[in-house]
Each structure stands twice: as structure tokens, then as C-alpha cells.
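Please arrange chains B and C on chain A, whose structure you already have, making use of the hints.
Protein chains in written order, with the working numbering: chain A, 1 to 184; chain B, 1 to 184; chain C, 1 to 184.
If you are wondering where the hints come from, they were derived from the structure by calculation, not from laboratory data.
Within a straight-line C-alpha distance of at most 20 Å, the following computed SDA-like cross-link-like pairs (lysine to any residue) qualify: (1) C:K181 with B:V178; (2) A:K181 with B:E168; (3) C:K181 with A:I19; (4) A:K181 with A:F15; (5) C:K181 with A:Q18; (6) B:K181 with C:S13; (7) B:K181 with C:R9; (8) A:K181 with B:Q18; (9) A:K181 with C:P179; (10) A:K181 with B:K181; (11) A:K22 with A:E127; (12) A:K181 with B:R14.
Across the chosen pairs, the derived CB separations fall in these ranges: (13) B:F46 with A:D144: 16 to 26 Å; (14) C:E59 with B:D121: 31 to 41 Å; (15) C:P76 with A:E74: 53 to 63 Å; (16) C:H111 with B:T57: 54 to 64 Å; (17) C:F58 with A:E39: 33 to 43 Å.
Yeah, the Cβ is synthetic: ideal placement off N, Cα and C, and Gly gets one too.
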Amino acid sequence: MMLITGGARSGKSRFAEQIAEKRGGDVLYIATSAVTDAEMAERIRFHQQQRPAHWHTFERHRDLADVVRLKQAEFPTIVIECITTLITNLLFDMDGEADPEAMDFIAIEQHILAQITDLTDAAQHCESEVILVTNEVGMGIVPDNLLSRRFRDIAGRVNQQLAAAADEVYLVVSGIPVPVKTSA
Amino acid sequence: MMLITGGARSGKSRFAEQIAEKRGGDVLYIATSAVTDAEMAERIRFHQQQRPAHWHTFERHRDLADVVRLKQAEFPTIVIECITTLITNLLFDMDGEADPEAMDFIAIEQHILAQITDLTDAAQHCESEVILVTNEVGMGIVPDNLLSRRFRDIAGRVNQQLAAAADEVYLVVSGIPVPVKTSA
Amino acid sequence: MMLITGGARSGKSRFAEQIAEKRGGDVLYIATSAVTDAEMAERIRFHQQQRPAHWHTFERHRDLADVVRLKQAEFPTIVIECITTLITNLLFDMDGEADPEAMDFIAIEQHILAQITDLTDAAQHCESEVILVTNEVGMGIVPDNLLSRRFRDIAGRVNQQLAAAADEVYLVVSGIPVPVKTSA
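Chain A extracted, bound-state conformation:
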């Protein structure tokens, strides 16, 4: 299991795709983005064009552990992109219409961390190499709205949990992967 983190447009995805490509064999690409507007649709289309045509793309907005368990026999490499979008999905699935002041962020975080535990468990005990792409979102100024603050709290804790479970962790800076945790 490998975790690739970095800022927006840092080249995280390309690095994940290079590693998957280098491993050879069929690649299952799990896209977590729910298409919610034209900007996102355009971005998803752009990313799809970047990926090799023979990759198998699977859209899944939650319960990723099930997909990993189900597909591991078939695909030697599974790329999940990205965890930050998955957190957004889970956040809004649960309580999306609510006033942020009224949201129960403790329950939301527990629910999300449980999903992540399930995913890391599946990733650690499957035959495939699972490559997860996530985002660094906590290195700017404290956001002035509550929802953003809670989101980055949850995203930070999720990243910690994933990195603890991963055999290798890379921080991608300006397209260059910096090893943060290495196996053996």
C-alpha cells in the first residue's frame, strides 16, 4: 500500500500513474469524484484523457473497501484518486444540506475514519498493490469558515491514518516525489 500526497496541481496523479504503469499488468483506477458542476466535469475529462486507454476506470463515491476486496484478484494494481474527494463525498452524504453550525462533526469524523480503517484494512490484506492519492490541505492560513476548518481537520487525521498504514509515503513537490516513509 502506497500513499501519495501533495498540493493541488503538484503532479501527484501523474506520479501515481507512472508507478502503476511501471508495475505492468492491468490497472484499476477508482475515481472518487462525484460530478457536481461543469468545472469538475471538465477536470475529470482532462484527467481521463491523460490516463492510458487500457486502464479500467471505475467511479465510486464511497465504500471503496468493498471494491478493493472484490477486484483484487483481477488487478495487480489499484489506484484510488483521490481521498480528499472521498472525504468531501462522505461529509456531504451525511449532512450536506445542513447548516455547518448544526453539523455533528464528531460523529461525521468517526464515520469517515471508520470508512478509512475499512479501506486500509482491505488495502493491507489484498493481493493488489493499492496506490492512494491524497491532498495536503493544512499548510495555509486557518480558513475563516467552520466547514472548511472541520474539513481540513478531518482530512489531516485521515492522511495520518493512511500514512501510518502505508508501506511507502511520498510528498510530491513541483512534480518531484519526495520520499517521506520508505519500506524496509
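Frame of chain A, contents of chains B and C only:
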């Protein structure tokens, strides 16, 4: 003297606490947060529950150098958490009610850097190992309000000053400490 | 060709200047900032005072490749500071008055990346060592306005392109340069 930096929820505090725990002996934990709202009170309570019960917690919102000088004989390890909150305290102590447009940021920065110089001087010349926790706040988009821009300028310069004085500096990424400056 | 990246007030500029100073000989310093307000004027003045008096400062807001080609024979070291401001200039030169919703960001990005390709081509094939300073802007929360989101997308891709072309890349954290890419 050791500096631990990283984004929000990156695992900085836990790493600081692990190091302090590993060193053995009594630990003085200096918390810089002034409780200003329910969100912060909850966060402080959460952090206190994470810390070993035998740690000595001391709340101090400014003049940390005095505490370090006074307590060094008693505690082999002093953890200060966190510098970013200390800067916020100093910023608002001086000019908190003012219109940001009217604040004298040059004087404020000089005052804050002088406090930091005093603190690093105390940390470098005391018997305790002083472990400082700070935040990366400058890796996002330029904030659209003046106060945030000035705050991140000051926070960045303070981090530079602390890192220059420290024997060791770590950047914590997804819970994994990345050595940035190492002693010897 | 060397790329120095980092957050706001991380000490990027000082590191670039130390390297230029250490190399010896005349230094051409290309400042990309267009002075647009008092805050920026003050910041530029502050930075000028930090630089050695014998450096040659040249203000240029676009077409930097031409300057590099023209001046390479004269200056063994050329410092360009900074790329992020250059992107801002190019963004606003093209479409500055427009409603962000109406801006053609695909064309803008292509235009900017072409300018960067021209610059890296000049930097790689000139006699001078070219040191470029840029910013990490993508490690915070997704900005809530479209222009900022597009800006950080472009800035991220520009940084990737520069780092791919550079012989050495450093990420400056709290004033300490962390090697990200090293030559041989």
C-alpha cells in the same frame, strides 16, 4: 532545542509528545492557547485527554522565556505548543481591537520577533530540552484580507528565526516526521 | 538552472541570494513584481534593502527569456524572483479586467506555459546559472473563488514544468533548504 513544524492536523503535537515521552522524566507542557470560544475549548480538552496524565500543564499566553528560565531546573523536557497561537496572542494583545488598516505591523513584528529572540535565547541556554511546535501557514493562496497576509508574514519570519536557532527541525507530513535540519 | 520553492516568508529569497552571493561575480536580479499598491511598494523596498548593493536589479514583468538570452554573457548568475508574480502579471495582462467567469483559462494557461517553456529553454542553454524563485500555493484549502482556483492550478503546473527542467530543486521550510531534486 527542537522545532517541529507542519500543517494543521499533521500529527505535529503527537510527534512532539512521543519525543518528550521517550526522553523520560517529568515533562512541562506549556499551552499557549487563550480560550476564546467553544470550538477552541473543545479542541484544548481533546488535546489534554491525549497527553499522559503525569505531564505538568502550564497555560501561558506570553513571556514564555521567563517560564523556560524558571522551570528548567525542574523539568528535563519542556514542550511549547504552539508558537502560531503565541503569535496570534501577541498580535491581539497589542492591537486586537483596531482596524487592521490602522495597525502598525512593523512595530508589531519587531515586538513579536523580540519575544521570540528572548525565547530562543532561554531555550538555547537552559538545562532542559525545549521542543517547540509551530505551523506551516504560508503554502496556500495569498489570503484576501490584510490581517491574514500580515499574520502569515510574521509567522513565516518567526519560523525562520526558530529554525535557525534550533538544533533539529522536523516537518511533519501526514503524521510522518521529515528531518529538515539535523544536529551533528 | 536551479528552482527554489517554498511558502510565503519561508526564506526562499534569502536562500537564492546566498547561493548567488557564494557563486561570486556579478549578479543580475530580475524582479517580476509590478508595483500595484502601497503594500507591494513597501515589500519591494524592503527586499531591495536586503540585497547586496552591487547587484544589478532589472524590473521585468514578462518576456523574461529575452532578458536571460541578452544578459547571459555579462552575468554569471541570474536570479529571477519570482515566478508566481510573473504568472499573476501574465494572467492580468491578458484578461485582467474581465469577469473571471468569462475568462478563457485554457488559452491563458497555454500562453503562460509557452512563456515558461521559452524561459526554461533560455535558462538551460545560456552561460549563466539561472536561479528561479517560486511559491508553493496549493497546500491549503480549495479557494472559494474561481480566479484563485485557476491561478493555483496554473501555478502548480508551471512549478512542475520548471522543476522538470531544473538541475536542482529545493523546498525551503522555515528558512532551511530541503533538497527535492539534486544534480547527479
